[in-house]
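J.: Next come the chains, spelled out residue by residue.
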Amino acid sequence: MLTKRIIPCLDIKNGRTVKGVNFVDLRDAGDPVELAKQYAELGADELVFLDISATLEGRKTMIDMVLKVAEHVNIPFTVGGGISSVEDVDVLLKSGADKVSINSSAVKRPELVTELANKFGSQCVVVAIDAKQINGEWLVHLAGGTVPTDLNLFDWAKEVEERGAGEILFTSMNNDGTKAGFANEALAKLSETLNIPIIASGGAGSVQHFVDSFKIGKADAALAASVFHFGEIEILDLKQELRANGIAIRL
Amino acid sequence: MKIVIIDYGAGNTKSVQFAMKRLGVEAILSDDAEIIKNADKVIFPGVGEASSAMKMLASKELDKLIPTLKQPVLGICLGMQLMCTFSEEGQTKGLGIFDVQVKKFNNQLKVPQMGWNSIFSLKSDLLKDIKNDEFMYLVHSFYAEICEQTIATTNYGLDYSSALQNDNFYGVQFHPEKSSTAGEQILRNFLEIS
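Chains as they are written, first to last, in UniProt numbering: chain A, 1 to 251; chain B, 1 to 194.
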C-alpha cells in the first residue's frame, strides 16, 4: 500500500540551515547535509530544501549544497525558492535534486509549469501554493505570503494540475506558525478536486495534527519544520503513532 | 569492477552515480558502445517520457546495443519500462527484453503514484536479503503488468511488476538509489551478481 509521507522542511540561506535546530548529536546543526542525513536515518520519507538566499552568490552556494545532499543522502529531496526558468531547474536536477518546487514564478507566468512538465516530466514538478482564507474565500498569496492575488486556491490548483504539475504543496497562511493544526477542510477539498498528490503544510504542532491531516484532510504527505527541528516531535514516534491510528506509514 | 551508467540524456544519472559512490564503487557515465559493451555491469537509468527517451536512445543507436549486452544490466524506472515490448506512454515500441506491456494507471487513482510502497513475491538474486513487504520509493504514472518474468510485485489499485528479470537483464520500477538502506542493499546485490 502506498504510504503517507512525512517531510521535514529546511530553510537554507547561503548554504546553511537557518532558524536553527537543536539536534544534540550533530557536530554542526547549520550544515544541511548533516541534518539531511540525520533526518533520513530517523525515518523521514523525503526532504524539502527551501532557498531563502537573496543573492546570486547564495544561489551558487545552493547548487553546491544540492550536489552534496545528493551525494550523501539516500532518500528523495525537493528544492524550492527562487526558481523561475527552465535553466534554473535544469541545473538543480543535474546536480541531483529529485524535484523542484515553484511558487510565485508560476503565478507570474503559468506557462512555466507546462514547460517544466514537458521538458522534465510531471514527476519532478511541485507547485507550492501559499493561500489565505479571506471572507470565506481561499486566495493565493505571493512572495512568502506577503502579496495577495485575486486567484482562488482551488482554481489555481486545478490549472497547474492541467498544465502538468505532479504534486501540490499547499501552505495555509492562516495556520502557518500557529501550531494549531493543518487546514484540513481546504486540504480535503483539494484532494477531492485534484488527481495528483497533495502535501499539507502549515500548522503542525502535535501528533494528532498529522493524524487529522491524513484522516480529515486526506493529504498524501505532511510537511513541517520547527516541530522536527526542535525535537518537539520525533519522526519515529510520530510514524509509530500514525500507524497505530491505522494510517499507512513506512517504518 | 567497471560499472557504466548509460548516458542518453534522460534523468537521474547523477543520483545513481552518487548511490554507487556511497557503496564505494566509481561508476562512469557513457553513451559509447565500446565502453558499454566492455563494462562488467551496466545500469540503464531513466526519468522522463517514454517516446522521447526511445528517440534519444535511437539517435545514439543504443536501442540496438542494449538488447545484445551479455553482462548484468539493471534498468531503473523508465529504464525498466523501455526494456518492455511496448508503452502506452507516447504509444512507444520498447526494446522487447521483457515480454510485457507498460500501461497507464487507472484515473481513479492519484497519478503519478508518488512515494513509498511495498514490494512482494520476491524472486531473484537481485532481491536477496530484502524482506517481503519492504518499502521502496516509486514515482511513476505507467506500470508493467504481471508476467512470467516478474520478480517483485507492488499494489497500486492493482498488482503490477515492480521488478522484472530475463536472464542477465534486470529491471526495477522503484528507485533503489533513493530507497534508503534497503535500496542500497539491492544495488549491492546487483554488484555481486556474476
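No lab work stands behind these hints, which were simulated from the structure alone.
Owing to the predicted nature of the structure, the values given are computational and were not obtained by experimental measurement.
Every residue gets a Cβ at the ideal spot worked out from N, C-alpha and C, and that includes glycine.
It cannot be assumed that every hint is accurate.
As the list claims (entries may be wrong) - List time: in silico DSS-like cross-link candidates among lysine-lysine, alpha-carbon distance up to 30 Å:
id, chain 1, residue 1, chain 2, residue 2
1, B, 103, A, 218
2, A, 94, B, 123
3, B, 131, A, 119
4, A, 179, A, 132
5, A, 215, B, 104
6, A, 60, B, 21
7, A, 119, B, 60
8, B, 110, A, 108
9, A, 119, B, 110
As the list claims (entries may be wrong) - Partner residues are not named here, just some residues of chain A that face chain B (Cβ under 7 Å, in silico):
id, residue
10, 13
11, 15
12, 45
J.: If a hint holds in the structure, say so; if it does not, say that too.
T.: Status of the hints after comparison with the structure:
Between residue 103 of chain B and residue 218 of chain A the alpha-carbon distance is near 27 Å, which keeps this suggested pair within the 30 Å criterion. Pair hint residue 94 of chain A plus residue 123 of chain B does not hold up; C-alpha atoms about 34 Å apart against a cutoff of 30 Å. Distance check on the hinted pair: residue 131 of chain B and residue 119 of chain A sit about 37 Å apart at the alpha-carbon level, beyond 30 Å; violated. Distance hint between residue 179 of chain A and residue 132 of chain A is fulfilled; the C-alpha atoms sit about 16 Å from each other, no more than 30 Å.
With a C-alpha separation of about 28 Å, the suggested pairing of residue 215 of chain A with residue 104 of chain B holds against the 30 Å cut-off. Between residue 60 of chain A and residue 21 of chain B, the direct Cα distance comes to roughly 24 Å. Compliance with the 30 Å bound is thereby established for this hinted pair. Taken as a hint, the residue 119 of chain A and residue 60 of chain B pair is honoured in the structure, with Cα atoms around 20 Å apart against an allowance of 30 Å. This hinted pair checks out: residue 110 of chain B and residue 108 of chain A have alpha carbons roughly 27 Å apart, not beyond 30 Å.
Restraint check for residue 119 of chain A and residue 110 of chain B: satisfied, since their Cα atoms lie roughly 21 Å apart, inside the 30 Å limit. Hint status for residue 13 of chain A: violated, given a least beta-carbon distance of 24 Å to chain B, over 7 Å. Look at residue 15 of chain A: its Cβ only gets to about 18 Å from chain B, farther than 7 Å, so that hint breaks. Against a cut-off of 7 Å between C-beta atoms, the interface hint on residue 45 of chain A holds, since the closest Cβ of chain B lies about 6 Å away.
This entry does not satisfy hints 2, 3, 10, 11, going by the numbered hints stated previously.
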